[in-house]
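Student: Sequence:
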Amino acid sequence: MVVRILPSDSDMDLDSLLERVKHGLPAGVVVSDSRREEIGFGLEALVVGFLMPEVDGVGESLERYLTSVDGVGEVDVVSATRV
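All you need for the working numbering is the position in the sequence shown, starting with 1, plus 81.
Calculated from the structure, these hints are not laboratory results.
If you're wondering where the values come from, they're calculated on a predicted model, not measured in any experiment.
The hints are all genuine.
Computed spacing ranges between beta-carbons, pair by pair:
| hint | residue 1 | residue 2 | range |
| --- | --- | --- | --- |
| 1 | G123 | S97 | 15 to 25 Å |
| 2 | I120 | S97 | 14 to 24 Å |
| 3 | G130 | G152 | 12 to 22 Å |
| 4 | V83 | G138 | 15 to 25 Å |
| 5 | D92 | G138 | 32 to 42 Å |
| 6 | H104 | V128 | 16 to 26 Å |
| 7 | G152 | F122 | 14 to 24 Å |
| 8 | D92 | D137 | 31 to 41 Å |
| 9 | L95 | Y146 | 13 to 23 Å |
| 10 | V159 | G105 | 15 to 25 Å |
| 11 | D137 | D90 | 26 to 36 Å |
| 12 | D92 | T162 | 26 to 36 Å |
| 13 | G109 | S160 | 13 to 23 Å |
Built from N, CA and C at the ideal position, the CB exists for glycine as well.
With the sequences and hints as input, model every part of the structure.
Tutor: Rendered as structure tokens:
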């Protein structure tokens, strides 16, 4: 699953935000890739790839977790595929 994460504050350090995201991921979910994406007007978002087990509800659990992380303003699922 690839997710675009917008910070709650335009001045937020995206590296520290990524570390907070990695800290409490649901069981079996790991970060496979991450990059910055310019949105415009100097604003950036994180685009993060997650690998997760094929278990019912794990995607929804990940989305709920991401929206609860301090500093996350908005979460947008870009794509979800099977590996």
